[in-house]
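FYI, in mature numbering (1 follows the signal peptide of the UniProt record, and there is no 0) the residues of the sequence shown are -20 to -1, 1 to 295.
Treat the hints with care, as some may be off.
As the list claims (entries may be wrong) - Ranges of calculated distance between the beta carbons of each label pair, as one might list FRET restraints:
hint, residue 1, residue 2, range
1, Glu33, Glu146, 49 to 57 Å
2, Asp104, Tyr67, 23 to 31 Å
3, His175, Arg83, 39 to 47 Å
4, Met135, Ala78, 26 to 34 Å
5, Met135, Pro198, 23 to 31 Å
6, Glu33, Arg170, 42 to 50 Å
7, Asn69, Leu181, 48 to 56 Å
8, Glu123, Thr159, 40 to 48 Å
9, Gln72, Glu183, 37 to 45 Å
10, Asp14, Thr159, 29 to 37 Å
I should point out that these hints are in silico values taken from the structure, not numbers from a laboratory.
Just so you know, even glycine gets a beta-carbon here, dropped at the ideal spot from N, CA and C.
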Amino acid sequence: MAFFLMWVNLLLLLHHTVSAEEVRAHPFTDVTLDCEFSFIDSTENLEFYWEREDIIEEYEVEDREFYRFFKYYDFFQVYTKVVYQFYDNAEQLEDQNALYEGRVSVDQNEISEGILSLLLRNVDFMDEAVYKCSAVSPNGRGENKVKLIVEDSEMPQVKFDKIDDEDVVTCTSKGWYLTPNVTWLDRGERDISNHSTVEVLEEQMNGLYRVYSVLKYPVKLNEKYVCHITETNENNRPIRSIRRYPSFLTESGAHQFSYNDWAASPRNPLGSAPPGLGLHMALRHRVFIWMLETPTQVFMSIQSYSQPTYAISSP
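My request is simple: use the sequences and hints to build the entire structure.
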């Protein structure tokens, strides 16, 4: 019995595993994913690597028939999951996923002390994943996991409202890392932004931006208006683009013109619909399927890693 307990304690000593901690980062910033093992005292005969595992989000489907449209596809079953490798006393990057080329590093001076923390530069929404740090040395082996969450901007809140007894449309969103630009469009996709006001404020706590815009067109409650928010980088190239339509209730309580599309969003390459409007199922970084439950007829399109297409018409 004593020998058995000693053997168990030895296994626990040699094999170090911990549950995944959660780290949050804003887009376009750098983040360090911590990993440290006490059994490492040298780089001799040491092997360690960082790999990524996708975060899967599933939503219950009301109509099981929708599953027949779904084709499961894992991007990282085709391309390597390796983020960083080290063996033979040197980093080995020939098997590295191209997504991380030139963006990750480990401090070479700290490896012999058991510190294998990964520095990830210029964080993007596609970097959101669970990162596994694994190490093997003559003194033991260990595994550590870090869940990286990339903070997203708040979905714009767009609604009809009244200001000084005048019908208006307001668009509010916060959590933007770069200064957002707001454009208002009418049903015919014509730019009517000159009838709007835009207020962009920097949040004191985290340095992110909040945007508040009011459209005074004149506004008609039976019309459709589009609040289009874009975020651009230092070269004035679009990074994210969100289009949102105001929703309102008819006398019967049915929603009209209540849908949105995330155009060219790195987090959701295919776009998404809000859960309250009939999002049936989604897998982050994979293939998206959605149906919009409105009084209108909707044609659904399923695509893989491309801009979504759909049509909407009256019944």
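Taking each numbered hint in turn, which are not upheld by the structure, reported in ascending numerical order?
none
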